[in-house]
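Taken in sequence, the protein lines are chains A and B.
For the first sequence, this note's numbering begins at 1 and goes up steadily by one.
For the second sequence, this note's numbering begins at 459 and goes up steadily by one.
Calculated directly from the structure, the hints in this document are not laboratory data.
Treat the hints with care, since some could be wrong.
What the hints assert, rightly or not - Below 20 Å or equal to it, Euclidean Cα-Cα: the simulated SDA-like pairs (lysine to any residue) are:
#1 A:LYS340 / B:ASP505
#2 A:LYS183 / A:ASP206
#3 A:LYS106 / B:ARG712
#4 A:LYS202 / B:ASN617
#5 A:LYS258 / B:HIS616
#6 A:LYS257 / B:HIS616
#7 A:LYS456 / B:ARG712
#8 A:LYS456 / B:LEU652
#9 B:LYS729 / A:PRO211
#10 A:LYS257 / A:ARG441
#11 B:LYS729 / A:VAL448
#12 A:LYS258 / A:ASP309
#13 A:LYS340 / B:PHE508
Every value quoted in this text rests on a predicted model; they were computed, and no experiment measured them.
Residue-level listing of the chains:
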Amino acid sequence: MTRRTEQELLLRRLWRERLLRGEIDRRTFLTNSLVAGLGMAGVGVAAKYGIGSALAQDRPLTPTYYQWIVDLHPSIPQVNAQFPGINAQIAPVEGFGIERFVAEAKNGESTWDVYVGQTPFVEMSAMIAADVIEPWDPYIPKDVLDDMIPSIRAENTIDGKLYGWPFLLDVIGMGWHSGITNKAGLPDTPPATWDEYLANAKAVVDSGAAPFGATFDAHGWRSLAPMTHSLDPNVYTADGLFDFTSDQAIEALMLMKKIMALSHPDILLAGASDGGVNGTPDEVAFAAQRVGYYTKYFNAPLRMAQYWDDPGELHLAPQPKFTGGAGSTVFWTTGCALFKHGKNKEKVAEYIRALTYDPQIWQDSIAGTATGHPGQLPPYKSIYAAWDASPPDWMPPFVGLVRSQLDQARAITNHIFGLQQFVIGQPYWETYLKGEEPDPRAAMQKVVEAVQAEIKRG
Amino acid sequence: MAQALTSRWPRARDGISPWLFLVPAVAFFVGYQVYPIFRVVWISFTDYQFLTNEPARWVGLDNYAVALNDPLMWVSLWRAFLFTMMFLPGTIILPLLLAILIDRVTSPRLATVYRVILLIPAVIPSTLVFVLWKWMYNYQVGPINHILVEVLGLFTVHNAPQWLGGTSLTLPSIAIMEIWWGLGYHTIFFLAGLAAIPKELPEAARLDGANEWQIFWHVTRHGLQPIMMILIVLRFGTSMAVIDEYLIFGGFNRDSPTYTWTIYMYDQAFKLGMWRQGFAAAIGMIGAVVMMFFVAILLYIFRRRG
Chain A
1 MTRRTEQELL LRRLWRERLL RGEIDRRTFL TNSLVAGLGM AGVGVAAKYG
51 IGSALAQDRP LTPTYYQWIV DLHPSIPQVN AQFPGINAQI APVEGFGIER
101 FVAEAKNGES TWDVYVGQTP FVEMSAMIAA DVIEPWDPYI PKDVLDDMIP
151 SIRAENTIDG KLYGWPFLLD VIGMGWHSGI TNKAGLPDTP PATWDEYLAN
201 AKAVVDSGAA PFGATFDAHG WRSLAPMTHS LDPNVYTADG LFDFTSDQAI
251 EALMLMKKIM ALSHPDILLA GASDGGVNGT PDEVAFAAQR VGYYTKYFNA
301 PLRMAQYWDD PGELHLAPQP KFTGGAGSTV FWTTGCALFK HGKNKEKVAE
351 YIRALTYDPQ IWQDSIAGTA TGHPGQLPPY KSIYAAWDAS PPDWMPPFVG
401 LVRSQLDQAR AITNHIFGLQ QFVIGQPYWE TYLKGEEPDP RAAMQKVVEA
451 VQAEIKRG
Chain B
459 MAQALTSRWP RARDGISPWL FLVPAVAFFV GYQVYPIFRV VWISFTDYQF
509 LTNEPARWVG LDNYAVALND PLMWVSLWRA FLFTMMFLPG TIILPLLLAI
559 LIDRVTSPRL ATVYRVILLI PAVIPSTLVF VLWKWMYNYQ VGPINHILVE
609 VLGLFTVHNA PQWLGGTSLT LPSIAIMEIW WGLGYHTIFF LAGLAAIPKE
659 LPEAARLDGA NEWQIFWHVT RHGLQPIMMI LIVLRFGTSM AVIDEYLIFG
709 GFNRDSPTYT WTIYMYDQAF KLGMWRQGFA AAIGMIGAVV MMFFVAILLY
759 IFRRRG
């Protein structure tokens with residue numbers, strides 16, 4: 001009985017949407033609604049005349065979002081309003097868990113059409129391996145594909161196929177508290193090299209402007225990898241793993257130790273949420289105005305500065321580089337994955353295009369709103385070009401600086417252990433940072449052995 | 459013939475009826491308890507990986523051999539045992555003392571007030587408890603370190619205690635939180651046990667010249683033994699198998715004292731590689747067998763004597 005009622009309601013809703021879209025006339029709407037309302041007999045008739053297959057294939061457009069995306073980007077509902085009948089939902093993926101998606105795919109079904117929340121190096125390889133998602137290539141318009149910044153397009157491509165439609169771009173950069181740095185007698189210009197960065201951080205501590213000079217997030221993909229990329233981004237093995245024993249990675253590890261000497265003692269501790277990944281000690285120190293300089297994705301300093309006496313004292317700039325280094329960094333996009341067993345695929349492409357080009361979303365993200373200041377950037381060349389041609393009055397200067405760095409920036413290579421290699425390795429390279437292992441190369445060798453041991457297990 | 463059938467039917471019906479009434483409970487027990495256990499046992503003998511659509515293959519004892527030869531298995535079990543040793547005494551001694559004190563309050567109204575105050579932590583949702591204690595223990599802005607550094611001047615911002623996040627203080631810190639959280643709940647257990655001890659027994663002992671300690675040791679302790687057994691066995695199981703608190707306060711750093719066998723199992727099942735759930739099931743079964751071994755010892759210690 002319940003099932004029949006559901007079917008009737010779905011059919012009625014379907015015909016109403018088609019009427020609103022102008023796809024059917026009022027007479028057809030009334031006839032079909034009457035048929036659908038005849039109970040089981042009506043549903044049988046509907047099936048005979050093809051209405052059942054319409055029901056199966058034409059469920060409302062059903063995207064699902066990671067919760068934080070909706071929280072931080074309040075204009076998304078305005079985009080949704082352009083798609084009548086859309087059934088936007090929050091995804092059951094707390095802590096990046098994709099088990100529900102995988103379980104549904106094993107049964108050849110999907111509750112949703114598209115997942116807005118996929119980070120390629122974190123989960124894209126797993127979603128492909130589990131046959132959960134399919135490439136966007138048949139559905140994405142060519143002009144959109146050509147508009148993607150090449151490094152971002154490469155990030156979302158595996159074996160020549162685009163498995164992620166990029167949306168929100170996070171880039172590892174630098175932030176500083178000018179209230180603290182000015183007190184330390186430092187200028188408001190960003191340190192361009194790590195040597196300058198360390199010298200400035202030391203000046204903060206020595207002057208007593210703040211107890212700590214600089215901080216970073218201890219998770220490898222947020223510190224070790226971007227610092228390595230700032231010297232040289234080509235540090236991946238033929239298998240697609242991060243080359244922990246490369247000279248560049250060793251240099252980055254030594255840099256981390258130098259920064260730690262000027263930082264808060266709890267810098268290596270786990271965070272307070274998402275399995276220790278978020279709510280990290282660096283964020284608390286920066287929010288508490290106890291540290292001058294900070295390297296992390298821009299969202300972090302922007303969010304933490306909201307707790308300051310004067311958030312206007314936050315300045316942002318690209319990540320410093322080693323003298324003579326490439327000046328690269330790490331970025332990742334949080335984008336959209338197309339469910340293999342989802343529906344409405346052409347319409348999903350239309351929706352994601354509208355979402356990712358929406359000017360209000362980008363203004364809110366970069367300039368901030370009353371509800372949040374994510375600082376996430378667009379993935380398309382044309383948006384930056386339009387801003388360059390006619391700079392909006394709300395545009396902060398860091399966006400142009402970061403855009404120019406994106407041509408050298410590189411995402412962490414996609415691999416089933418793309419994220420986990422850093423989680424497995426962290427306790428080993430931390431032996432060097434804590435002074436338990438004097439040789440950084442020996443510590444990194446143990447990282448490689450631990451990662452390889454896990455990979456061998458399958 | 460028909461008469462014989464008619465006379466046998468009531469007897470047959472009487473014989474079947476109890477089983478019919480048991481069907482819902484048995485179905486629930488089998489479906490909800492027995493089947494999942496056997497399913498996990500079966501998975502532990504396969505190479506089942508959640509992210510692949512390949513059928514699971516029988517690998518016999520391979521997963522158990524790998525797990526038992528993995529130092530991380532034993533280290534992670536030892537960490538869970540350490541936490542249990544920090545946590546269990548606090549769930550018995552403190553609530554017992556409190557229950558004895560409250561039991562001696564003669565004013566019924568005051569006794570009720572004490573009971574209500576004690577039960578407040580037990581009714582706070584776990585999320586709020588974790589948020590509260592994460593803030594309390596925070597290195598930079600937590601009130602505990604604020605008092606130690608700013609008020610008492612015992613430490614500086616450079617050497618204040620690091621309570622959470624994988625340091626050696628993390629397990630004791632979580633144990634303190636858990637003891638506080640369950641204090642009222644466990645005290646109520648002991649209060650129920652104390653109420654079941656006939657008042658004549660301690661009074662008779664007192665008349666015979668026994669002091670308060672002797673009354674506690676020879677009368678009250680014996681009367682509370684069944685409650686103690688229930689609490690110790692139950693809380694041994696829950697403390698060995700803690701996972702939420704470790705995920706929240708410690709993360710997935712394998713060097714952290716919070717990386718216990720439960721986190722190791724979760725890590726293998728839902729995080730690493732192709733999600734090796736066959737191997738994770740073997741880790742879980744090893745952990746379960748170790749726990750059952752200790753529970754058997756506890757039941758033997760608390761067996762009814764005489």
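Within 20 Å, alpha carbon to alpha carbon, are LYS258 (chain A) and HIS616 (chain B)? Since the Cα atoms of LYS258 (chain A) and HIS616 (chain B) sit roughly 16 Å apart, the hinted pair holds (cutoff 20 Å).
Is LYS183 (chain A) close enough to ASP206 (chain A), meaning Cα to Cα at most 20 Å? holds (11 Å)
Is the straight-line distance between the alpha-carbon of LYS257 (chain A) and that of HIS616 (chain B) 20 Å or less? With a Cα-Cα distance of about 16 Å, the restraint between LYS257 (chain A) and HIS616 (chain B) holds, given a limit of 20 Å.
Below or equal to 20 Å on CA atoms is what counts here, so check LYS456 (chain A) against ARG712 (chain B). Roughly 18 Å between the alpha carbons, so the hint for LYS456 (chain A) and ARG712 (chain B) holds.
Are the Cα atoms of LYS257 (chain A) and ARG441 (chain A) separated by 20 Å or less? Holds, because 14 Å separates the two Cα atoms, which is no more than 20 Å.
Pairwise hint evaluation, ASP309 (chain A) against LYS258 (chain A), where the allowed Cα distance is 20 Å at most: violated (29 Å)
Taken at face value, is the distance from the CA of VAL448 (chain A) to the CA of LYS729 (chain B) at most 20 Å? holds (18 Å)
Within 20 Å, alpha carbon to alpha carbon, are LYS340 (chain A) and ASP505 (chain B)? violated (26 Å)
Just to be careful, I want the Cα atoms of LYS340 (chain A) and PHE508 (chain B) compared with a cutoff of 20 Å; is the pair within it? holds (17 Å)
Does LYS202 (chain A) pair with ASN617 (chain B) here, judged by a C-alpha cut-off of 20 Å? It holds: about 19 Å lies between the C-alpha atoms, which stays within 20 Å.
Is the hinted pair LYS106 (chain A) and ARG712 (chain B) satisfied, with a Cα-Cα distance of at most 20 Å? With Cα atoms ~31 Å apart, LYS106 (chain A) and ARG712 (chain B) exceed 20 Å; violated.
Is LYS456 (chain A) within 20 Å of LEU652 (chain B), Cα to Cα? Between LYS456 (chain A) and LEU652 (chain B) the Cα gap is close to 57 Å, so the pair fails against 20 Å, i.e. violated.
Hint violations for this structure: numbers 1, 3, 8, 9, 12, all remaining hints satisfied.
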